[in-house]
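J.: Chains A and B supply the protein sequences, listed in that same order. To get this note's numbering, take the position in the first sequence, counting from 1, and add 104. To get this note's numbering, take the position in the second sequence, counting from 1, and add 16.
Just to be clear, a hint being listed does not mean it is correct.
Said to hold, decoys possible - Restricting the straight-line Cα-Cα distance to at most 30 Å, the calculated cross-link-like pairs of lysine-lysine (DSBU-like) are:
| id | chain 1 | residue 1 | chain 2 | residue 2 |
| --- | --- | --- | --- | --- |
| 1 | A | K288 | A | K267 |
| 2 | B | K178 | A | K257 |
| 3 | A | K350 | B | K178 |
| 4 | A | K166 | B | K178 |
| 5 | A | K350 | A | K302 |
| 6 | A | K166 | B | K319 |
| 7 | A | K165 | A | K106 |
| 8 | A | K106 | B | K126 |
| 9 | A | K288 | B | K449 |
| 10 | B | K137 | A | K350 |
| 11 | B | K319 | B | K449 |
| 12 | A | K165 | A | K302 |
| 13 | A | K165 | B | K449 |
| 14 | A | K301 | A | K267 |
| 15 | B | K137 | A | K165 |
| 16 | B | K137 | A | K166 |
| 17 | A | K350 | A | K166 |
| 18 | A | K257 | A | K301 |
| 19 | B | K104 | A | K301 |
| 20 | A | K288 | A | K301 |
| 21 | A | K106 | B | K449 |
| 22 | A | K165 | B | K126 |
| 23 | A | K350 | A | K301 |
| 24 | B | K380 | B | K319 |
| 25 | A | K350 | A | K106 |
No wet-lab data here; the hints were simulated from the structure.
So you can see what is in the structure, the chains are spelled out below.
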Amino acid sequence: MKTARQRFTFLPAVLLGTFVAFLVPWLWSRQNSLQLGDPALVTGWWLFAVMLFLGAFNARKKLSMLPLGNASTWLMIHVAAGLLTLALFWLHTGSLWPTGLYERVLAALFYTLGFSGIVGWIMQRVYPRQLSDTGVEVIYERIPSEIAELREKAEALVLNCTKETGSETLARHYLETLHWFFCKPRFFANHALSGGKKARAWYRQQCDAVRLYLNEAERSFLDRLTLLAERKAEVDFHFAAQTLMKRWLLLHVPLTAAVMLLVVWHIVLVHIYAL
Amino acid sequence: MAATDTSTPVTRPQRWDQPFGPEVTEADVARLLARPEIAAIRADRFPARLPLHEILRNDARIVRFQPGDLIVREGDYGNSAFLILSGKVRVVLPPGLPREILGRHEVRRKGWWRSLAQLWKNRSVPEVRAASDSTEFFRKSEGSSEQRVFLQDVPAILDRNKTAVLESGALFGELAALGRVPRTATMFAESESELLEIRWQGLREIRRFDDGWRRMIDERYRTNALRAHLLATPLFAGLDESALSQLTEHTLFETYGAFDWHVSYQQLQGAEAVAHEPIIAAQGDHPDGLLLVRAGFARVSVKLGHGRRTLTYLGAGDQFGLEELYDAWRAGQPRSLETTLSAVGYVDVLRVPTDALEKLVFGKLSAPPRRLAAAAARPLAQDALLEWLVDERFINGTQAMLIDLDRCTRCDDCVRACASTHEGNPRFIRHGKTFDHWMVTNACMHCADPVCMIGCPTGAIHRSEQGGTVVINDNTCIGCSTCANSCPYENIVMVGIRDTGGRALVDPRDQKPILKATKCDLCSGQLGGPACVRACPHDALQRVDFRDLAVFGNK
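Here chain B stands alone, though its shape is the one from the complex (with noise of 0.2 Å):
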């Protein structure tokens, strides 16, 4: 009996199924390996599935600038680092750059009476815009369709503001590509440049296999952020000079997980996603440092039964592994690690050695509180709450949207108010992923770790400067729909604008609509803030930090 076919042959999806400019030649390629920085590399420590001839073919691409064009902007989430191959770049030292200039806009706070003209002024259509608003900031870019903002007067530029100049082989933007931490400065180009723009795979492939661009990249590292995290962890407030020279010596860092982890995320659930999770470090080995997470989430688990129980997750500025050191040191016999520590994403950690540890830090320190023990002796049901908010990644949130549904009435006040703020369409969908009676709705999370940000072109999607809300300059959005196809939580929505006459706008060459970006900016220019909060007339709903539990606890 022939068997039923229920499956389709295609070919397996590769690594560089999608190269990241399809523009790179094999002439291209002989010229990179000919250049100084890129011949220094040893080609062969490479393994032979991951050759550099490929990885500089299919990671990297060649960008040509012109004289101000903007590279990277300060505050950028970015994923590529820079080679300068030709031309000059300047880099804007601080305090930077006005955020206007960088094709930003600064939320103003509407008055009482352009906060009342509301309800006139918004029109019976919605998503009106003016149809000029859009084209002072672009130019093309040369060789591609891509559009960049640019900085209008160059000179007047580099009078006013402190700047240095970066010039041929010069290599930026690596620790921002690599530790996804927002871009320290901003960049522009001072002369017809040409850069090497490598995405932080390539870049982790280099770092992992060439001795040399690894230590640069530390040394960079090390010398930029490294002492100042260690300055800032409480661990070793009270290390003297010497002492954290040492242990910012011996640290070592590690990334774990993917970049563009929402892929996985929308793919994987539940208990297959844990399983998919890189492996930190494993319960039952012996712990070779402590680790700091500096970026991005990691989950601490214990095995139970077939699977893995959550007992907590880490973000920025936890640690883990202490316990275990400390108590291995005290008692001066080796100790396995009683839980695992997983990436939830990507997630960026330094390892600061034992021996280092042992050395500088555990003299002083008091006996660290058991906290994990405690976590695992909670009955099972307690931890069903965390394990679903780690599971569905919602422990990104700063300001997710919680609706207790055991007190909401699904009357819409709340998304009324907010169309009433935002020209007629609102910036949330009252619907989303339930537990028990909570409800985390598709409204704009303003997350920790901003994937979002991650590839706009224009920067338009940015963090504000008041309180680090996620938004968008509608000015320099151009429709490309990166962040919406992003957002892992399906938050940002494109929408087709519309003139003042109602009419759809629409692009003259191909009759397409022009789309803009929308998405929850929590009341930024209105009084009062959020709208949708204070329109609950039952109190069910709430901006909230998952990185507080206890909101959960309230009733």
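Next up, chain A with everything else stripped away, as it sits in the complex (with noise of 0.2 Å):
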């Protein structure tokens, strides 16, 4: 694996060419609004352009068949690109909340944009390590009948332990309680947002509700149940994270197109009625 030292070989170099980036413009424009111009033209075209070479990584991503460079460089400078857009809108706009009805509804979209991009990159550098701690790994497309093969199996067991044991105590409380669990994934906002705390608590409690009236026998039916219900709550972590994960790009691309349809015909009113 990659030493975080050749992880970041290129970033240094990055950071120096987000601040030049930066710089040449902001510098520009304060010449020339000195000289009485109008920078809002260059910044505004320096901003399209950068946000040209953001939409770019999405190209990059489909043409993997062709050298175009590691996409983690891509992510890299991409993640640096984004934040260096928000720069130049602010320095492209003189504001942070500019003054007209399109360009209100233009920088919420750019806002918008750009915060999901960071709770993305955020959300991608929190869950990974939290799926690996589960010890669990699945495909998100296999959650399903991972879930479906984990009730099977209680229902297995609920079932051997009526026969086994003549009672119906633990049968009658997973169809009341734990049934409702194993159906399909459960507590999404709370692992999503506590790693399930939420959930394991409400099935510990509902083992612990019934152990009282259970006896050896059928505790150690509890027990196996038990488990199964733990491997349900990892399954269901993964499932809200990899959802997550997959989804929030559901939210970024589009928004990404509808900010540069809305840029272009910015650019287009710009250049007809305002020059």
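If you follow the hints, you should be able to join the two separate chains into one complex; please do so.
T.: As structure tokens, this is what we get:
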């Protein structure tokens, strides 16, 4: 695996490039303002160029058959360039929040886009480690069948318990509570925000609630059922984290398209009416 | 009370339940026993459970070749040797035949335009092939349904290449079969020929129980390979010609473990697998020679509690027992082995006798470093990873796909990149065995000991000339699944192929789908190396050689 040093080989160059990419238009716009020019035109075009470059990352992903550099280097530049666009946006508009309605819509989408990028980046840094800590590894598309398998095992266990002990206590409790848990992924928000603490507390509570009314033989079935619930909670966490890591792009990419569309129209309007 | 019946009685599988070839009859065996090469074998030396007669019946088969039929190809891994019964066989001398004649293909790297064109040329359905791609290389072998690759113009080949003739009574292929090393030359039938093919199990028994065959095989090994191997061993680098000759003369060669070790690997795991490993040298025993690993892998372990702790593993070129032998020589009194050496799979070892070492080598040697003592002093937890790698036999991988799950976002960009460079179908599954936060995925590891290459009837699966990547020639793959069944790691997938219209290609005789073996080829035809590695935005995926454990140390 690459060492941290190898991974960040290009970081100084990327940071320097980003700094220069901001410094040059900033100095130029200051100079241009002093000469009573219109610096917004140049900063706007520069901002647009950087945004096009940001969008090129998606194209790089589609062109994996070409030696266009490692996607990891692209991502590093993408993050740096994303932060640069925020600075360039403020330089271009001269404020945090523009005045016109169209510009406000554009700014709102732009900020949402930037926010989604930052949130996505943070999720990609936080969730993988938490997922590997579960000790369970499951492919996203296989999660429904994994849950179905766990449910079948839980139901077989409960039926066996009834058959072997002659008592329906555990089966009745299962139908009233745990069956709901085993049906499909549960506690999505809790898994996404706090790693599923509530989910674990919930199934433990359900298991403890019935323990009082079971004999020794039934308790051994309950113990095995608890282990299945534990595994189910881990799979649920995978579902929540993997869903968010996959789906945030469904927000980020369409937002990119929407912003680019508005930007192009903005450029057309500026060139027709404002110049 | 009647006991609960939880077992199903079956006949215990026996060694010869699956004979090498079903067609060896009693008359064939009688004919073989009458041949001078086999008549010379002392049948009375064979134990009652392994009679020569049964070895010939079950571990051998009679194969007929037409002129031009390829018998073995240079670079193939084989598990059998051949004795010529009749006809003439040609051995192609260096530089050998062009690879395309052997039914292999040169991987040509795509240019920028052809690489880009994959964007629109990849079909909407995966695994599309032209229907006529596969037929030109094959013909049916006489008397069986087996397909063979054949040479199309034998006289021209004889004109253009240096060859030598082998005639009735000649034995070849035994070193590759016993040593699990690639075939060193291509052989083809010049005239109609009949050969006795003996699989490695039978050959091993004959060598074991018959002095004549053992002497012959050992002598050929000494002449052809042993000297070169000893020369390449750093320990013997300073020896003069006469010392090296003496060493060559006294060195023994041995094999341990099963050739088809993938079967036991799939059945046994963990401590049970360790317990079943054949012991080459046991801790506490007195060493009678230095062991040099020539092929395969061996585990070095020490007793710990009720189990054995793995300290390291040895591969081709490594040695075992030097520290103890050297200390014993220095101290002038015997020393027992501090560790156990056991075969992980199939191992081919050379045993250099102690007296030869003392006489020829130790005087010129400085004290060897104490590597194993340092290894034994490591905390147990530190070795868990090594233990796992050896147990799972991942040490075999030279280009394994390792994913750091602490960095992997499960985005599948690697899978999509692989699909886009391989006709729309990825050549690996982003899933596999995990240890801590590491995952070794189901992607071809391009093994040092490629079990998959043993038994391929057409040589379609082979090592490429560029870097030794294990690749499959799609044109000569007949879809027999031998490689997929042999791969211990389940990294080869058989796929049904389609025509350019998207319709499944089927055999008109039985309507069964035409299959092809597919696996990771390290993007050998693509620009820029493995697309999966380049496509990972988080540097979570690497292709690694597990001989370098440092790959795990860096986070």
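J.: If a hint holds in the structure, say so; if it doesn't, say that too.
T.: Hint by hint, here is what the structure shows:
For a cut-off of 30 Å, the pair hint linking A/K288 to A/K267 stands: about 26 Å separates their Cα positions. The suggested pairing of B/K178 with A/K257 is violated, with an alpha-carbon distance near 67 Å, which exceeds 30 Å. Simply put, A/K350 and B/K178 have alpha-carbon atoms about 60 Å apart, too far for the 30 Å limit, and the pair is violated. Taking the CA atoms of A/K166 and B/K178, the gap is near 50 Å; set against the 30 Å cutoff, the hint is violated.
Of the pairs offered as hints, the one joining A/K350 and A/K302 holds, with about 24 Å between alpha carbons and a cut-off of 30 Å not exceeded. Distance check on the hinted pair: A/K166 and B/K319 sit about 53 Å apart at the alpha-carbon level, beyond 30 Å; violated. As the CA atoms of A/K165 and A/K106 are separated by approximately 21 Å, the hinted pair is consistent with the 30 Å bound. For the suggested pair A/K106 and B/K126, the alpha carbons sit about 28 Å apart, so the restraint of at most 30 Å is met.
For a cut-off of 30 Å, the pair hint linking A/K288 to B/K449 stands: about 26 Å separates their Cα positions. Between B/K137 and A/K350 the CA atoms are separated by roughly 28 Å; this keeps the pair inside 30 Å, and the hint holds. Of the pairs offered as hints, the one joining B/K319 and B/K449 holds, with about 27 Å between alpha carbons and a cut-off of 30 Å not exceeded. The straight-line distance between the Cα atoms of A/K165 and A/K302 is roughly 37 Å, outside the 30 Å bound, and the hint therefore fails.
Our distance criterion of 30 Å between C-alpha atoms is met by A/K165 and B/K449, whose separation comes to about 27 Å. Restraint check: the Cα-Cα separation between A/K301 and A/K267 comes to about 34 Å, which exceeds 30 Å; the hinted pair is violated. Restraint check: the Cα-Cα separation between B/K137 and A/K165 comes to about 18 Å, which is no more than 30 Å; the hinted pair holds. Restraint check for B/K137 and A/K166: the C-alpha separation of about 14 Å stays at or below 30 Å, so the hint holds.
Simply put, A/K350 and A/K166 have alpha-carbon atoms about 16 Å apart, close enough for the 30 Å limit, and the pair holds. The hinted pair formed by A/K257 and A/K301 meets the criterion: a straight-line CA distance of about 24 Å does not exceed 30 Å. For the given pair, B/K104 sits about 76 Å from A/K301 by alpha-carbon distance, which is inconsistent with the 30 Å threshold. Between A/K288 and A/K301, the direct Cα distance comes to roughly 18 Å. Compliance with the 30 Å bound is thereby established for this hinted pair.
This hinted pair checks out: A/K106 and B/K449 have alpha carbons roughly 21 Å apart, not beyond 30 Å. The hinted pair formed by A/K165 and B/K126 meets the criterion: a straight-line CA distance of about 19 Å does not exceed 30 Å. The straight-line distance between the Cα atoms of A/K350 and A/K301 is roughly 23 Å, inside the 30 Å bound, and the hint therefore holds. Pair hint B/K380 plus B/K319 does not hold up; C-alpha atoms about 33 Å apart against a cutoff of 30 Å.
With a C-alpha separation of about 25 Å, the suggested pair A/K350 and A/K106 falls inside the 30 Å cut-off, and the hint holds.
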